[in-house]
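**Q** Sequence:
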Amino acid sequence: MRKKLFGQLQRIGKALMLPVAILPAAGLLLAIGTAMQGEALQHYLPFIQNGGVQTVAKLMTGAGGIIFDNLPMIFALGVAIGLAGGDGVA
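Each residue of the sequence shown is one higher than the last, beginning at 1 in full-length UniProt numbering.
Simulated from the structure, these hints should not be mistaken for laboratory data.
Possibly wrong hints are sitting among the right ones.
[Stated by the list, open to error] The following label-pair restraints were derived from C-beta to C-beta distances:
1) Met1 <-> Thr34: 36 to 42 Å
2) Val53 <-> Ile22: 23 to 29 Å
3) Leu41 <-> Met17: 29 to 35 Å
4) Leu5 <-> Phe75: 30 to 36 Å
5) Arg11 <-> Leu59: 32 to 38 Å
6) Thr55 <-> Ala84: 23 to 29 Å
7) Ile81 <-> Leu5: 49 to 55 Å
8) Gly85 <-> Met1: 19 to 25 Å
9) Leu5 <-> Ala35: 19 to 25 Å
10) Met1 <-> Ala21: 28 to 34 Å
11) Lys4 <-> Thr55: 50 to 56 Å
[Stated by the list, open to error] Here are the simulated lysine to any residue pairs, SDA-like style, with alpha carbons at most 20 Å apart:
12) Lys14 <-> Ala84
13) Lys58 <-> Leu77
14) Lys58 <-> Leu83
15) Lys3 <-> Leu83
16) Lys3 <-> Pro19
17) Lys4 <-> Lys58
18) Lys58 <-> Leu45
19) Lys14 <-> Lys58
From the three backbone atoms N, C-alpha and C, an ideal C-beta is built for every residue, glycine too.
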């Protein structure tokens, strides 16, 4: 009984690993992109005011925001795929 429960909990833990692994990358994209658009950093690093750099900053902020906006769906898909165990059926 105890081993079966522990096995199920391990399976759920493995299923949650992929969505959790995406979070640091999304956080870095969002934080760096937002910081590059802020006036405080632009004061110390004037080259960041360049149009190309600002476009990259907006792209980074948007990419991080998309991941955080769709976080419930990412967790749902990660759990469904992880618990399917490669059977192709959730």
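**Q** Taking the earlier hints as the rules, which of them does this structure contradict?
**A** Of the numbered hints given earlier, those the structure breaks are 1, 4, 6, 7, 9, 13, 14, 16, 17, 19, listed in rising order.
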